[in-house]
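Please model the complete structure; the sequences and the hints are all you need to start from.
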Amino acid sequence: MTQSKTHIQSYITIQNNEIVLNGTSIFKTEPTDFGDFSKQAYRNFDIQYPKFFKMDALSKLAFLGSELLLSPITSTEQENNIALVLANKSSSLDTDVKYQESISDKENYFPSPAVFVYTLPNICLGEISIRHQLKSENSFFIFEDFNTEFMSNYSDILLNTNKADMVLCGWVEFFNDSYKAFLCTISKDENATYKNENINTLYNK
Numbered sequence: 652m653t654q655s656k657t658h659i660q661s662y663i664t665i666q667n668n669e670i671v672l673n674g675t676s677i678f679k680t681e682p683t684d685f686g687d688f689s690k691q692a693y694r695n696f697d698i699q700y701p702k703f704f705k706m707d708a709l710s711k712l713a714f715l716g717s718e719l720l721l722s723p724i725t726s727t728e729q730e731n732n733i734a735l736v737l738a739n740k741s742s743s744l745d746t747d748v749k750y751q752e753s754i755s756d757k758e759n760y761f762p763s764p765a766v767f768v769y770t771l772p773n774i775c776l777g778e779i780s781i782r783h784q785l786k787s788e789n790s791f792f793i794f795e796d797f798n799t800e801f802m803s804n805y806s807d808i809l810l811n812t813n814k815a816d817m818v819l820c821g822w823v824e825f826f827n828d829s830y831k832a833f834l835c836t837i838s839k840d841e842n843a844t845y846k847n848e849n850i851n852t853l854y855n856k
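For the sequence shown, the numbering used here gives the first residue as 652, with consecutive numbering after it.
I should point out that these hints are in silico values taken from the structure, not numbers from a laboratory.
Remember, it's a predicted structure, so these values are computed and weren't measured experimentally.
Glycine residues also receive a C-beta, built at the ideal position from the N, C-alpha and C atoms.
Heads up, a few of these hints could be off.
Taking CB as the label site, the calculated pair distances span [to be verified]: (1) 841 with 686: 35 to 45 angstroms; (2) 722 with 666: 32 to 42 angstroms; (3) 730 with 691: 30 to 40 angstroms; (4) 773 with 796: 18 to 28 angstroms; (5) 829 with 784: 29 to 39 angstroms; (6) 800 with 840: 19 to 29 angstroms; (7) 690 with 655: 15 to 25 angstroms; (8) 808 with 669: 26 to 36 angstroms.
The following block contains the structure:
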């Protein structure tokens, strides 16, 4: 099988109360917690998806990044063959801790189903898939650090075996209100802006 060269089409970084799309800051707030920042970003971009407010923080982070990358190129009227390949360090630990606290107090035992729903890291993949009508391959990996070589190679395999026309690939880490999302779209389109850049270079900008 001939291996076609793949290219990064677009990328987004969300951290420190700022959203940077393709190297340009498109939204920034004064220092605040992620909950407030995410609501401001949602309203700023006029996103229409009420379920957003019920998501856990990890899913909100992944949703915001994917929304700004995918909405201009996907259709809600048809299935989009875009694979999802995400990773982080803490899995869903931020939500897991909150759920554990809700069941640990025997005098005040109120485990929340709304919290329990989000105690798996791949739930955010489901939220993105529902939003953008994706039924393609999706995987969520846990690494100590963003393993750019593995993620890039995995994306290349999906594209070169025609499992996907495009891959949304990246890192979505959230724990104790410390967060960073780096997402990029990868395809075999040779007209990509970032054909001479690799994921690692963009991630570390």
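Exercise for the section: Taking the numbered hints from earlier one at a time, note which ones the structure violates and give those numbers from smallest to largest. Expected result: 2, 7
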